[in-house]
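Engineer: Please work from the sequences and hints to get the whole structure.
First to last, the sequence lines map onto chains A and B.
Each residue of the first sequence is one higher than the one before, starting from 9 at the first, in this note's numbering.
Each residue of the second sequence is one higher than the one before, starting from 25 at the first, in this note's numbering.
Careful: at least some of the hints might be erroneous.
[To be verified] The following label-pair restraints were derived from C-beta to C-beta distances:
#, chain 1, residue 1, chain 2, residue 2, range
1, B, 123, A, 248, 38 to 46 Å
2, A, 217, B, 117, 40 to 48 Å
3, A, 95, B, 36, 43 to 51 Å
4, B, 112, A, 437, 46 to 54 Å
5, A, 392, B, 179, 56 to 64 Å
6, A, 167, B, 39, 44 to 52 Å
7, B, 274, A, 167, 20 to 28 Å
8, B, 179, A, 217, 31 to 39 Å
[To be verified] Chain B side only, calculated, beta carbon under 8 Å to chain A, not exhaustive:
#, residue
9, 187
10, 191
11, 192
12, 193
13, 197
14, 200
15, 275
Please keep in mind that the hints were generated in silico from the structure rather than gathered at the bench.
All residues carry an ideal CB built from backbone N, CA and C; glycine is no exception.
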Amino acid sequence: MAKEKSMEKEVVTSKIIELIGVTKNYDGTPAVNDINLYVRKGEFITFLGPSGCGKTTTLRMIAGFEKPTQGKIYLNSVDITDLPPYKRPVNTVFQRYALFPHLNVYENIAYGLKLKRIKTAGVDKNGNEIEVMAKYTKSEIAEKVKKALKMVDLEDFEKRSVTTLSGGQQQRIAIARAIVNEPEILLLDEPLGALDLKMRKEMQVELKAMHEKLGITFIYVTHDQEEALSMSDTVVVMKDGKIQQIGTPQDIYNEPKNSFVADFIGESNIFSGTMVGDRKVKFMNKVFDCIDDFEKNEKVDVVVRPEDVEIVSVEKGSVSGEIISSIFKGVHYQMTLMVGKTEVEIQSTKCYEKGEKVGIIIAHNNIHIMHKEFVSNVYDGYINKNNKVCFADGEFDCDVTQLYEGSYLDDEGYLITKTGEKIDLTDVDVKVEVGLKDIEIIDNDVDGDACGSIISIVYKGDHYQVIIRTDEEEEDFVCDTEYTWNENDRVSVKIPSDKIKLKLKVEEAK
Amino acid sequence: MKGLRFSRKDLCIPYGVFLVLFVVFPLLLVVYYAFTSKTGQFTLENFIWFFTDGTSLKNLFYSIGIGLITTLFCLLIGYPVAFILSKIKSAKKSILLLLFIMPMWINFVLRAMAMKEILTLVGLFGKYNYLNTIIGMVYDYLPFMILPLYSVLIKIDKSYEEAACDLGANSIKVFLSVTLPLSTSGIISGITMVFLPSMSCYVISDTFSNGKVTIIGKLIETWFGPGDNWNFGSVIALIMLVIMFVTTLITDGLSKRTKTREEEL
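Structural biologist: Here you go:
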């Protein structure tokens, strides 16, 4: 198992691959950004992430096809950063197999063996025994190819043309072609991506078995979280060229480090919450006990797995709502509960019909709290009949034409779209986003558009971060300001209309 | 109305008429002339003349020789060019490709004349007629070699070369064992496009050797023109046709063999 290098304290002797500060830029933009990671000998490690997260680039740097822009790669403590691929004891199974079309199955598998030089005992001209580099003999090659074909269950396929093979068979030949060279590390670049579901499941099991049998290190790249969780010893979750989390599949699933990992690793409910006390978090307008200790008033992401939500009667529930959808999924029912304006995904073996009113409880150890990278205030709001946006106990001037590209308002206040369609925006639900620096705090509770009290002030080096909580809805405005305020000050806020970013809710659902 | 409706087949009519008038009919005429004497009697004398008369046969062999050497040099120069062009990633690529293709936009007689002036300038012209002819041919036909090679090389999936490198091959071995075999179809079509025309294009040989080198195309022209013996001319034309047919058969066979391997990958 691997850990992020910075966190690692104990001495680990069996690191086979180590990446230190590895960055890869393409035309100035980083595909991989300052990665630190090591892989232990014999482990099955998976790089998991959405497309464009840098997982394949990382793999290609280990294979030697790409050179890091910065940083070093070590193999068994030897710097291999500048070593060409053909000198690395590493073999790759390519995404679309890359079997040589002009060679048959035997020739494909034997390709690497024919090039290999092995140390054998020889005799120099003085009769002394020396070590010489020799090629494999023809019969040795034939034997190894046969063994490799047996390993992938394709005996007697030697003479076949690779173009006549099915996708699954090509996949096996590609694996055989790589493992026949007895590499120290096998790299697999989304090897099962082109196979159908059933075939993929079978190959997962076989690859896992092969890993155990061969005992070599597997580095696997995939965007399929289920594949990653079921096969790996260690999962490295990546996003935007950065490692989000490294851990065992269980760690990653049960203790995701941030909302991205939680969301990517499986279905989860991610709520915006606020810490309101010692191990108490408020979300869905209700205070829950939790086991994570965070600072009071910190904005956090709360992750709850759908299977960890327990349905009870309305009276017994911490919160309650109405089931708005219920779908049978084989083993369980997938239900959506509407609590106020928040949707909660629930998985249960017991079925509740659409329209039923139920309560839910969530055990305190099933509430996972994560730090939130707080960059802007986000609210649920709606447009009123004066084309102003209402959110957080206030009514704000805004530019509603940003909801439709190329639109304008007519004299009566209707929105005319680019295509000439006339839209009445009254009561349209919107997502409102306001930057931390765009909120102006006014020293009285009359002149602003919404008012409340200051509940927290934190000094952030060159500015203060102030949180203002509104009176009725108890929504928070987080603002960066140069001025000092005091806790419990009554204030109001003003936001310039061009700083209010609006998004249609329907659009977001897409 | 119904009787006037066109079906898709009817679109073939213009080409069918063209084919009969300008290909089938002239071909039949050539066959007729080849097997008849001046007075119109059936005879094999014309063929016997071709194979016993020393000059004609000699010209044929020289033509094949010039064609082969031209093709070889075009391949030796054209392959590296096409290979390098296919590997360039930047925006420079299209400009470079244009530089190699642009000569094709200029009238080839004009090009030949220009090259002749250069050869005169360096003092080669008039001294080495065969060398000059081959220089002219290579110069004129090089783009026809580069283009098919380039279009095949650019299509070879990069992952084949990466796989070979990954399995332990250095760049030379990668080229010899993967890139070269996978570009066979480009080599074959390049050869076809250079070898056959270079055997018969007498404008180039005339220009570069001042009329001293006679290739098979020139011979045909002579018999139909000043020589005034359509029967002899037709025999040579027919023999040319057979050579071309055989060459096409061989290259087709080769490309089919490589194609079955390339299919679907």
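Engineer: Which hint numbers doesn't this structure obey?
Structural biologist: As far as the earlier hints go, 3, 14, 15 are violated by this structure, in ascending order.
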